[in-house]
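Q: Here are the chains, one letter per residue:
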Amino acid sequence: MIAASDKVEEQIDEETEFGFWLYLMSDAVLFSLLFGTFAVMSSNLAGGPGGSALFDMKNLATQTALLLVSSLTIALAHHAAHTGHLARTLGWLVVTCLLGAGFLGLEIKELSGFVAQDAGPGRSGYLSAFFTLVGTHGLHVTAGLIWAMTLIAQFLIKGIGLRMTSRLYRLTLFWHFLDIVWIGVFSLVYLPEFL
Amino acid sequence: MKQVVTGPIAEAENALMWQAFSLMLVVVVPVILLTLFVAWRYRAAGGQGAYKPDWDRSRIIEITVWGIPIVMIGILATWVWDRTHALDPYKQLPGAEPLRIEAIALDWKWLFIYPDLNIATVNQVAFPVEQPLSFRITSEVAMNSFMIPALGGQIYAMAGMETQLNLQANEIGAMQGRNMQFSGDGFSDQTFEALSMSQIDFEAWVNKVRSGDSALDQASFAELSKPSIDAPIAYFSTVPQDFFSRRVAHFMGMEHEHAGHSDGGDK
Amino acid sequence: MTENVSLLFGRLGPDALPFYSWVAFSGALVTLAGGLGFLILVTWLGQWRALWTGWLTSVDHKRIGIMYIVLALIMLVRGFVDAIMMRLQQAMALNSDGYLPPEHFEQIFSSHGTIMIFFMAMPFMTGLLNYIIPLQIGSRDVAFPVLNAISFWLTAAGAGLMLISLVIGRFSTAGWTGYPPYSGVEFTPGVGVDYWIWSILISGVGTTMTGINFIVTILRKRAPGMLLMRMPMFTWTGLCSSVLIIFAFPALTVSTVMLALDRTLGMHFFTNDSGGNMMNYMNLFWIWGHPEVYILVLPAFGIFSEVVATFSSKRLFGYPSLVYATTVIAILSFTVWLHHFFTMGAGANVNAIFGIATMVIAVPTGVKVFDWLFTMFRGRIRFEPPMKFTIGFMCLFVIGGMSGVLLAIPPINYSTHNTTFLVAHFHNMIIPGVLFGYLAGYMYWFPKAFGFQLDRKWGSRSFWFWLVGFLLAFMPLYALGLMGMPRRMETYGNPEWQPLLIVAFIGACLILLGIVSLVMQLWVSIKQRDALKDTTGDPWDGRTLEWSIPSPPPVWNFDSVPVVTARDAFHESKITGVVLSVAPEEEPLLIPRNSTVGPIIGAAGFCVGFGAVWFIWWLMFAGLALAIAAIIGRSFFDDTEVEVFPGEGAESI
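Protein chains in written order, with UniProt numbering: chain A, 1 to 195; chain B, 1 to 267; chain C, 1 to 653.
Keep in mind the hints are simulated off the structure, nothing from the lab.
All values derive from a computational prediction rather than experimental measurement.
C-beta: ideal position from N, C-alpha, C; glycine also.
There may be inaccurate statements among the hints.
Only pairs whose alpha carbons sit at most 27 Å apart, straight line, appear in this in silico BS3-like list of lysine-lysine [what the hints assert, rightly or not]:
1) C:K457 x C:K527
2) B:K52 x C:K574
3) C:K533 x C:K574
4) C:K221 x A:K7
5) A:K7 x A:K58
One-sided and incomplete, this derived list gives chain C residues near chain B with beta-carbon spacing under 10 Å [claimed, not checked]:
6) P181
7) P364
8) L406
9) P410
Partial list, derived from the structure: chain B residues whose beta carbon lies under 10 Å from chain C [claimed, not checked]:
10) P8
11) I9
12) Y42
13) M197
14) D201
15) I233
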């Protein structure tokens, strides 16, 4: 009976993971359209400032480092859950949250700085596309943070089980996906301005 | 309004239409008749045809049903390639040096500028019969679509961008041109008179426009730009140099040569 | 923007009420009366509890499917009222203003298109997918039942926004495609375009989740032995349609969100000035918009395939061809979007390539028509109403296909674009292609869902009214388009157009009779439901698994999961006498419990939309917070399933 229900549970988790992959594909299309729009509008400065006048290399490097490291820590969290170590899972999840929050904090600081310099999203087509692309990524990170904190609470209540490991697995996928998107943002939006 | 006037573009587009239509009828009419015939012949209540409930494949039929559409689309595709290039709206028509006309869509009227004659008109455009016409088109407002149905062809008018349309009238007469793209309350009445006339009449018409004393300038253009429905025909005897290009440029702070790049979300 | 925005009510004020025209005012009254009437009726019948537990919180795919179709039929009526009002206006408006002021006429053509695509066709399709696909693949439910309920409620929230726009404020005047810069604040201030954006955005989120749900359902929950190449055609088309949804809908989300950002936060994606680029909108919109046509029409093709085989009492001809044709159409549908704006001034090479790509789609589509034709060939055809719709479709659809190929030829498009020729073309695809298919599916599967058949006579009447009405309404529009009549004309001055427009109006009146016949059919059938009872579960001598179970099916669908050994599995088992499945399982089955998450998220979605439209920010954020809280709350809740014992044969709901 227990074995049977485990099997059913495993099948449900497998279906959910497949569904989640499909969601990520759909989201990848969404981001690629945002990237495409950014490319189309990258020269539409309308007399406003461009990226080279706005971007700060140090900020960018810190943001990128935080996010890349968080991708590692969440993988460690998933590994810990997979091998049944609750405390370690929780620890790595908390570290991931802190890194993610640090990334978001820097992003908010950067974007609000632009707004203060009269380079907000309403300034030009270029800045509209920039804020929307970066902001959409930031909103995804925010959603990931809420999700991670929910999982921390659930790990505390429910402990480690098949269902919880599957949830963490999906969050890990999501987090890696956001990392890949960020690498896109980094190399297509920011980097050309420094070259 | 006489609508029988025609020109080479309209004639060619029309001919292509009937040509493609007839080709497709060769397949479509038999399909419709066959559908009705089969439905009748194999009806459950007293139908005559054989009943083979498990018959569901036939190599010959499969090849035919893929083959017929492929052949037909193959033929049509060559026509498309050839005719799309021949009837490219940006392509100048052969013959005499074209008359250059610039059209600006406003709410809800059309401003025409003759850059070589240094005159401008509202809601009326005149041209000599049998002379190629070369329109440059833009919009000051929402997207419009420029068309003189009797002459064929159609192209969008977009702010900050320039599109082109080459037309010609083969007969003398009056036509109606209009905006085809919905753009607000005055859309239904956003028409203009298109007059095809003899060379002599055209020269007289130009002189009539020139004899007026209103100039197209900042002030009169601002007045003209105010939204109005069914605006009367108006003439401007002089136009500043490069008026059209400057109207195109002022939207962007960047230069669009023409709107030939539909490079939006496709990557 | 100098609009007065208050903290509590945003820009909502007393002037939002529709006192600007008597027509709009009566529309608002009818909407209100309909809503109130429904509430009073449920209260009077004392059915609130039954409605709540049996339907609104249900996560049973069959109940959700029925709710989708009810929504679609209500919206069909609303969308049709818009249509006949337009036809009447144009029939009258020669050199006169008709009876509608321009602004109201513009709202009507915008809401007609929006409703028919997003809130009639999409829910109708999703409803049929929901009801039928799990039954056809021998599954007990969809992969994610609660997600399915959320999808439905988000669609309902979008439809609710659409309906409330008739009472509070105004709807968009920018057409169902919402082209900027006209749809920007510079040319269309006010809430209309925002209603349009948020209603399709919120329902679009639901649709995306439906797409994911059905891909997983079809690929992972098929009965043993149900190989891909044994799946019924409707399931195949549902799969292709779902794949198109998850790839295409992000483009709609992106284009409408950007338009909303332009309008609400003053960004410059599509404005004329400050570096906006409205051509980008058209690309994004049609990257969604063209696949959308196939999202709608492929399942209809699936229905025709089922219907034509069943009522010809014969195997579907060329099944592999039909499968390949479907997948080819799905893939090609992403390569043709530019044909919606050949007149934008792209070069001849670009236009020619997209024109040819478009015509290539005619090949697999043509193959399908031939395959249906050869399915009828050597069959025994029963002219039940679904079959009549199918034959009517085959004859009319090839005409629409022909006008489609003409429009795909760029030089012909230059002279027919934006004319009523285009309007006639896409109605020719969508009425016979999509709507006839869904109506055929509705009449075909109705006995499965309710246990009694629909009246045949009224069904046939409906078909003939739709058929003749369609011809009268749209053949004149082809002619008018060739005469140069633009679409969306509120008034006109060309006397040659009026006779044809009057004919088109008469056509619309016949379609009205077609809709009345649908209502009559339902009414008469319910009254005679005992005489029309389907006792066998297989009223049409069906071929696929859904006919192997009782009508209506139990909540768990299959007492025991069938084992499939062939295409047309049920038909095969009737011939060979081999039962599809072993005896009912001993163990109890787990079926998902009802969930309030669906209605809660629907309500939250509505608040988000309404708040965003009226700038009532607290409402918007409250809705967002409610949705997040509902999802998180749900994830803490483990006891999501309930045991049932199929052996006892008792209905649990």
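Q: With 10 Å as the cut and Cβ atoms as the points, is I233 (chain B) at the interface with chain C?
A: Nearest chain C Cβ about 16 Å off; hint violated.
Q: Check the hint pairing K52 (chain B) with K574 (chain C) against an upper bound of 27 Å on the C-alpha distance.
A: OK: K52 (chain B) and K574 (chain C) at ~17 Å, within 27 Å.
Q: Taking the least C-beta to C-beta distance, is D201 (chain B) closer than 10 Å to chain C?
A: Hint violated; D201 (chain B) Cβ to chain C Cβ min 25 Å, cut 10 Å.
Q: Take the shortest C-beta to C-beta distance between L406 (chain C) and chain B; is it under 10 Å?
A: The hint holds - L406 (chain C) has a Cβ within 10 Å of chain B, the shortest such distance being about 6 Å.
Q: Straight-line Cα separation of K533 (chain C) and K574 (chain C) no greater than 27 Å?
A: 21 Å, holds
Q: Can we keep the P364 (chain C) interface hint, with Cβ of chain B closer than 10 Å?
A: This interface hint holds because 8 Å falls under the 10 Å limit.
Q: Is it true that the CA of K457 (chain C) sits at most 27 Å from the CA of K527 (chain C)?
A: Measuring from Cα to Cα gives roughly 14 Å; hence the hint holds.
Q: Does K221 (chain C) pair with K7 (chain A) here, judged by a C-alpha cut-off of 27 Å?
A: 15 Å, holds
Q: Interface hint check: P8 (chain B), Cβ to nearest Cβ on chain C, cutoff 10 Å. Holds or violated?
A: Not OK, violated: P8 (chain B) not within 10 Å of chain C, min 12 Å.
Q: So, as I understand it, the hint says P410 (chain C) touches chain B; can you test that by seeing if any CB pair is closer than 10 Å?
A: This hint holds: P410 (chain C) lies near chain B, its Cβ roughly 5 Å from the closest one there, short of 10 Å.
Q: For the pair supplied as a hint, K7 (chain A) and K58 (chain A), is the alpha-carbon distance within the 27 Å limit?
A: 50 Å, violated
Q: Hold the hint about P181 (chain C) up to the distance rule: shortest CB distance to chain B must be less than 10 Å.
A: Where the cut-off is 10 Å and the nearest Cβ of chain B is about 5 Å from P181 (chain C), the hint holds.
When each numbered hint is compared with the structure, violations occur for hints 5, 10, 13, 14, 15.
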